[in-house]
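Participant: Let the sequences and hints guide you as you build the complete structure.
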Amino acid sequence: MFERPKAGQRAILIHLEFPGADFDSDRQEFVELARSAGAEILAVVGGTRRLPDPGLFVGSGKAEEIAARVAESGAELVIFNHTLSPSQERNLERLLKARVLDRAGLILDIFATRARSHEGKLQVELAQLQHIATRLVRGWTHLERQRGGIGLRGPGETQLETDRRLIRDRIASLKRQLEDVRGRRARSRAARLRREVPTVSLVGYTNAGKSTLFNALTGDTAFASSQLFATLDTTVRRMPLKSGEPVVIADTVGFIRDLPHDLVAAFRATLEEAREAALLLHVVDGADPERARRIAQVESVLEEIGAAEVPRLQVFNKIDLRDDEAPRIERDELGVICRVFVSARTGAGLDLLRDAVAERLDLAPEVRELIVPPSAARLRAQLFARRAVLKERTDEAGNACLTVSMPAAQLQRMCREAGLAGLTESSP
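Just so you know, we're using our numbering here: the sequence shown kicks off at 16 and counts up by one.
A few of these clues could be false.
[Stated by the list, open to error] Capping the alpha-carbon separation at 27 Å, the derived lysine-lysine pairs in DSS-like fashion look like this:
hint : residue 1 : residue 2
1    : K190      : K136
2    : K112      : K77
3    : K257      : K406
[Claimed, not checked] Distance windows between CB atoms, simulated:
hint : residue 1 : residue 2 : range
4    : R290      : Q24       : 29 to 39 Å
5    : T128      : F38       : 26 to 36 Å
6    : P261      : Q192      : 26 to 36 Å
7    : E32       : T361      : 56 to 66 Å
8    : A423      : L66       : 28 to 38 Å
9    : E407      : D195      : 50 to 60 Å
10   : Q192      : P34       : 17 to 27 Å
11   : S390      : A205      : 26 to 36 Å
12   : D410      : A307      : 53 to 63 Å
13   : E32       : R360      : 33 to 43 Å
14   : A307      : P261      : 32 to 42 Å
15   : G413      : S203      : 21 to 31 Å
16   : G321      : T128      : 27 to 37 Å
17   : F38       : Q192      : 37 to 47 Å
By construction, these hints were calculated from the structure, which means they are not laboratory data. Glycine included, C-beta positions come from ideal geometry on N, C-alpha and C.
Facilitator: So this is what it looks like as structure tokens:
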């Protein structure tokens, strides 16, 4: 039994190299994570292992080295860039005489400081409680009250058991509240579907520039900053297209390597915006030398949340930071747009991106011939009001023969509302 060390910000970081890992890149990201959490970094301790040690993760020799560094520097916190089991965490705290935090706990802490909306706070609290629930085992001497013997027996429930019960009750309450949030989001999506308004969701590795791109495409002022997990709260806004067709775009939480499963579960309502979208814009930091690995890691998370089959368009952002890149569109072997190169900061390539989104959503204007009878004069007026009519003539029966330019889906909907059967083929 031991008394758990008190909180603090003075930290020593532990990052071990395992076979197949990119040591330098992962180490740099780890340091940025710690800084994002507000840690005062005293030292970064490295090492290599083939497999984690079952008891201490790092092995007894390395653990003694870390303990000496902690005692020498007066560190209050030791953060591991790895996932620790509850027993490994407790064993290390006994030996190091300092609080121990693993990668999942570090990311949860950052999320807790970033959450702004009521929904975001609920999601983070749920993830934190699910994480610490497994760590309420023989870690706190003040929680044990039943000692046995005359005059020492407790009221029938230890403080540890009370804490577990309270955590279970709070988790159940949070899940009910988040189910309500999920229901409201589902109703909003259903309303958009009834109005046939497609949703485009931004996804990507954290700090790829999603929020900056979101602001540039919508004219919004959502918080954007060059830091990990700058924003957690999903924001949905209308995105203007040249065709005039209504489209909404959603900015979602950034992904990261080894995203804690508790977070994925807690943010289910938010991540469903990506799973239910008509198109995903996978935002990539085009200036990141590790972008290939980041793309693979985002694809892994998309598969985990059930969004692997959603059509996606890669958006290589931050081309202003590279001299060899220019705004452009790339197509695959079938002629489908698969990649767009832009700079959200300067606005370069954003018109190309809007055109690409319109084409992928089948919202690009098409030239078609349409026969409008006198009974559908309102449809004719609507087409002229949209400035979609290129040419008009009147046939012998008094019908208006129109040549119009607008997205096929939009024209089909207007014809259906006017009671017309359908459209002719596209004009050559």
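Participant: Is it true that E407 and D195 lie within 50 to 60 Å of each other by Cβ?
Facilitator: Taking Cβ atoms as reference, E407 and D195 lie about 52 Å apart, which means the hint holds.
Participant: Taking 26 to 36 Å as the stated bounds, is the beta-carbon spacing between P261 and Q192 within them?
Facilitator: 31 Å, holds
Participant: Using the C-beta atoms of A307 and P261, is the stated range 32 to 42 Å upheld?
Facilitator: At roughly 35 Å between Cβ atoms, P261 and A307 fall inside 32 to 42 Å, so the hint holds.
Participant: When you check the alpha-carbon spacing of K190 and K136, does it fall within 27 Å?
Facilitator: 12 Å, holds
Participant: F38 and Q192, beta-carbon distance inside 37 to 47 Å?
Facilitator: 41 Å, holds
Participant: Has the given pair, K112 with K77, been kept, meaning a C-alpha gap of at most 27 Å?
Facilitator: 15 Å, holds
Participant: Is the gap between the beta carbons of D410 and A307 within 53 to 63 Å?
Facilitator: For A307 against D410, whose Cβ atoms are near 59 Å apart, the range 53 to 63 Å holds.
Participant: Cβ-Cβ distance between E32 and R360: within 33 to 43 Å?
Facilitator: Check passed, 35 Å falls within 33 to 43 Å.
Participant: Looking only at beta-carbon atoms, does the pair S390, A205 fall within the given range of 26 to 36 Å?
Facilitator: Distance hint for S390, A205 holds at roughly 33 Å.
Participant: Taking only the CA atoms, is the gap from K257 to K406 under or equal to 27 Å?
Facilitator: Satisfied, since the Cα-Cα distance of roughly 20 Å is no more than 27 Å.
Participant: Starting from the hint 21 to 31 Å, judge whether the C-beta atoms of G413 and S203 obey it.
Facilitator: 44 Å, violated
Participant: Between Q192 and P34, does the C-beta distance stay in 17 to 27 Å?
Facilitator: 43 Å, violated
Violation of the numbered hints given earlier is confined to hints 7, 8, 10, 15; the remaining hints are satisfied by the structure.
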